[in-house]
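Q: Just so you know, we're using the working numbering here: the sequence shown kicks off at 1 and counts up by one.
Because the hints were derived from the structure by calculation, they are not lab data.
Note that CB positions come from ideal geometry on N, CA and C, so glycine has one too.
Among these hints, one or two may not hold up.
Simulated restraints, written as ranges between beta carbons of each label pair [what the hints assert, rightly or not]:
#: 1; residue 1: N31; residue 2: Q56; range: 28 to 34 Å
#: 2; residue 1: I18; residue 2: H93; range: 28 to 34 Å
#: 3; residue 1: A111; residue 2: Q56; range: 28 to 34 Å
#: 4; residue 1: N31; residue 2: T65; range: 17 to 23 Å
#: 5; residue 1: H71; residue 2: Q37; range: 19 to 25 Å
#: 6; residue 1: R103; residue 2: S63; range: 33 to 39 Å
#: 7; residue 1: Q19; residue 2: T65; range: 26 to 32 Å
#: 8; residue 1: Q29; residue 2: Q57; range: 33 to 39 Å
#: 9; residue 1: A16; residue 2: Y64; range: 31 to 37 Å
#: 10; residue 1: S52; residue 2: K95; range: 18 to 24 Å
#: 11; residue 1: G32; residue 2: G118; range: 19 to 25 Å
#: 12; residue 1: F123; residue 2: N24; range: 33 to 39 Å
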Amino acid sequence: MLLSMVTDMITDADFAQIQFSTPNLSSAQVNGVFVHQGFLIAFNSVASLVVSTVAQQLNQHPSYTLISTGHSLGSALASLGAVSLAANFPGHHLKLYTFGQPRTGNPAYAALAESLIGVGNIFRSAFLGFSSYSVDFD
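Construct the complete structure from the given sequences, taking the supplied hints into account.
A: If you want it as structure tokens, here you go:
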């Protein structure tokens, strides 16, 4: 438990923004899109496993709706994951629910997330007046 907390704090503290990248998005699509370095490193450490597992499940259950959700650090990872899922599985229903999501990327990242996932499919519980997407709920 303590090691996990320390690892999460290190991930949170690695806040420099770097160019976003995920499979199936061209460099033109992510041009100018920057995200929190620690969050992207954490997501990319499991991204290929997530995409392959979801692909396997969608082959068996093609009518599944994909849902990405998380709280705090997990919500930043859920956001990155939802963008990756939208890029890798276009046409599948996808919803993103976040609770207490820290700033994950720059405005270009928020615009990319909204365009790939769909504004009507993004739901966040915001606090302290922070907003990174068009859709908020309290």
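Q: Work down the list of hints and note, for each, if the structure agrees.
A: Results for each hint:
1. Remark: the range hint 28 to 34 Å for N31 to Q56 is upheld by a beta-carbon distance near 32 Å.
2. Hint check: I18 to H93, Cβ distance near 30 Å, so the stated range 28 to 34 Å holds.
3. Between A111 and Q56, the C-beta spacing of about 31 Å keeps the proposed range 28 to 34 Å intact.
4. Taking the beta carbon of each, N31 and T65 are about 30 Å apart, not inside 17 to 23 Å as hinted.
5. For H71 and Q37, the hinted distance range of 19 to 25 Å is satisfied, since their beta carbons lie about 21 Å from each other.
6. At about 34 Å, the CB distance of R103 to S63 agrees with the hint of 33 to 39 Å.
7. Roughly 30 Å separates the CB atoms of Q19 and T65, a value that falls within the hinted 26 to 32 Å.
8. For Q29 paired with Q57, a C-beta distance near 25 Å fails the hint of 33 to 39 Å.
9. Taking the beta carbon of each, A16 and Y64 are about 36 Å apart, inside 31 to 37 Å as hinted.
10. Separation of S52 from K95 is about 21 Å and conforms to the stated range, judged on CB atoms against 18 to 24 Å.
11. Distance hint check: the CB atoms of G32 and G118 are about 21 Å apart, consistent with the given range 19 to 25 Å.
12. For the pair F123 and N24, the supplied restraint of 33 to 39 Å is violated, since their beta-carbon distance comes to about 24 Å.
In terms of the numbered hints stated before, the structure departs from hints 4, 8 and 12, listed from lowest to highest.
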